[in-house]
Amino acid sequence: MAPVIWGLDLRDMKWSMFRSEWMWKNKDYHLRRTKFVVYQLAMICMVVSESIGTAALSGKHPQPGGHFEPPYRLSNKDYVKQQSTIQKLHSSASVHNDDFVGIASFNIFCGIVVATIFGAGFFFDLFFPERYEPKNIRWAWRLSALFVTLCAIADALAFTVIVATGKAWISANSQDAAEIAREHIIPPMVYRHNHRAIASTVFLWIGMVATVASCIILWMYYAHLDTYGPKSRTARKRDEVDKTTLVNERAQSSMESREQMREQTVYNTTTGGSPHKP
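Taken in order, the sequence shown gives residues 1 to 278; the numbers are from the working numbering.
Don't take each hint at face value.
Stated by the list, open to error - Each computed EDC-like pair below joins lysine to aspartate or glutamate, with the alpha-carbon atoms no more than 16 angstroms apart:
| no. | residue 1 | residue 2 |
| --- | --- | --- |
| 1 | LYS167 | ASP78 |
| 2 | LYS81 | ASP99 |
| 3 | LYS231 | ASP78 |
| 4 | LYS27 | GLU130 |
| 5 | LYS231 | GLU133 |
| 6 | LYS88 | ASP98 |
| 7 | LYS135 | ASP226 |
| 8 | LYS231 | ASP28 |
| 9 | LYS231 | GLU259 |
| 10 | LYS237 | ASP28 |
| 11 | LYS167 | ASP98 |
| 12 | LYS167 | ASP99 |
Stated by the list, open to error - Here are the computed distance ranges between Cβ atoms for each label pair:
| no. | residue 1 | residue 2 | range |
| --- | --- | --- | --- |
| 13 | MET13 | ASN136 | 17 to 27 angstroms |
| 14 | HIS96 | THR227 | 46 to 56 angstroms |
| 15 | THR265 | ASP226 | 17 to 27 angstroms |
| 16 | ALA223 | GLN260 | 42 to 52 angstroms |
| 17 | LEU150 | TRP22 | 29 to 39 angstroms |
| 18 | LYS135 | SER171 | 53 to 63 angstroms |
| 19 | LEU146 | SER84 | 38 to 48 angstroms |
| 20 | ARG142 | TRP22 | 21 to 31 angstroms |
| 21 | ASP226 | LYS14 | 27 to 37 angstroms |
| 22 | MET23 | THR227 | 24 to 34 angstroms |
| 23 | SER105 | ILE198 | 11 to 21 angstroms |
| 24 | SER16 | LEU150 | 55 to 65 angstroms |
If you're looking for bench data, these hints aren't it; they were derived computationally from the structure.
Backbone N, C-alpha and C fix where the C-beta goes; we use that ideal spot for every residue, glycine too.
Required output: the full structure, derived from the provided sequences and hints.
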């Protein structure tokens, strides 16, 4: 027997829930299909941006000629390890790229939290669309969505500005040391020359727009939930019709029973007793 955790019956978690009939053709729940589309778009684009940004930050980068260095030299050729690479070339040289390292790290954080919040919302809506949530949990969903949305907006703006205008720079105690470092450094000093950084920015903006839309949809859904419950207007009307039909059927059945009892009473009175009495 599947356990019940936080009032959620885990027996409802079935592979059949991913079928088209349940995910896309089911119109019983308010904004459910819209949430599935927009939530997934936000999650996918933010995670793709995070992954490409990670590759730009600490992945393998081609040399100016277009080919990759041998594996034994690749480990030092990224933004994170540029400093150690330059120090091997000249002890007095230093690289300054903390702006890109910082924003790329923040982009990783944003991708994780967006996927966590809206991914959880996706699966809860898929498996437990009629779950009960107390008021504090509903507000926790709202505020969490708002927080990750603000993070995504800040991430997109800062990432775009840094990639478009920023660059790493080298300081050294001599011009020769600086030139040696510039000739051997990989990846590009100018961030916008890094094609992975550009691709990460594009996916980040798509993901940010989808995240904003997801936040708005989530707030709209909980406003509807507080007033009408999880069901859509069509489903509520259908349920009301079914309920009215059931009430009418029960009333009709009750009237027929009373009519039969009345007829039985009249018959008993007329015959002077029970019809089974000899």
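Going through the hints against the structure:
| no. | hint | result |
| --- | --- | --- |
| 1 | LYS167 / ASP78 | holds, 14 angstroms |
| 2 | LYS81 / ASP99 | holds, 14 angstroms |
| 3 | LYS231 / ASP78 | violated, 51 angstroms |
| 4 | LYS27 / GLU130 | holds, 13 angstroms |
| 5 | LYS231 / GLU133 | holds, 15 angstroms |
| 6 | LYS88 / ASP98 | violated, 19 angstroms |
| 7 | LYS135 / ASP226 | holds, 9 angstroms |
| 8 | LYS231 / ASP28 | holds, 6 angstroms |
| 9 | LYS231 / GLU259 | violated, 39 angstroms |
| 10 | LYS237 / ASP28 | holds, 10 angstroms |
| 11 | LYS167 / ASP98 | holds, 10 angstroms |
| 12 | LYS167 / ASP99 | holds, 9 angstroms |
| 13 | MET13 / ASN136: 17 to 27 angstroms | holds, 24 angstroms |
| 14 | HIS96 / THR227: 46 to 56 angstroms | holds, 55 angstroms |
| 15 | THR265 / ASP226: 17 to 27 angstroms | violated, 52 angstroms |
| 16 | ALA223 / GLN260: 42 to 52 angstroms | holds, 50 angstroms |
| 17 | LEU150 / TRP22: 29 to 39 angstroms | holds, 33 angstroms |
| 18 | LYS135 / SER171: 53 to 63 angstroms | holds, 56 angstroms |
| 19 | LEU146 / SER84: 38 to 48 angstroms | holds, 40 angstroms |
| 20 | ARG142 / TRP22: 21 to 31 angstroms | holds, 26 angstroms |
| 21 | ASP226 / LYS14: 27 to 37 angstroms | holds, 29 angstroms |
| 22 | MET23 / THR227: 24 to 34 angstroms | holds, 25 angstroms |
| 23 | SER105 / ILE198: 11 to 21 angstroms | holds, 18 angstroms |
| 24 | SER16 / LEU150: 55 to 65 angstroms | violated, 37 angstroms |
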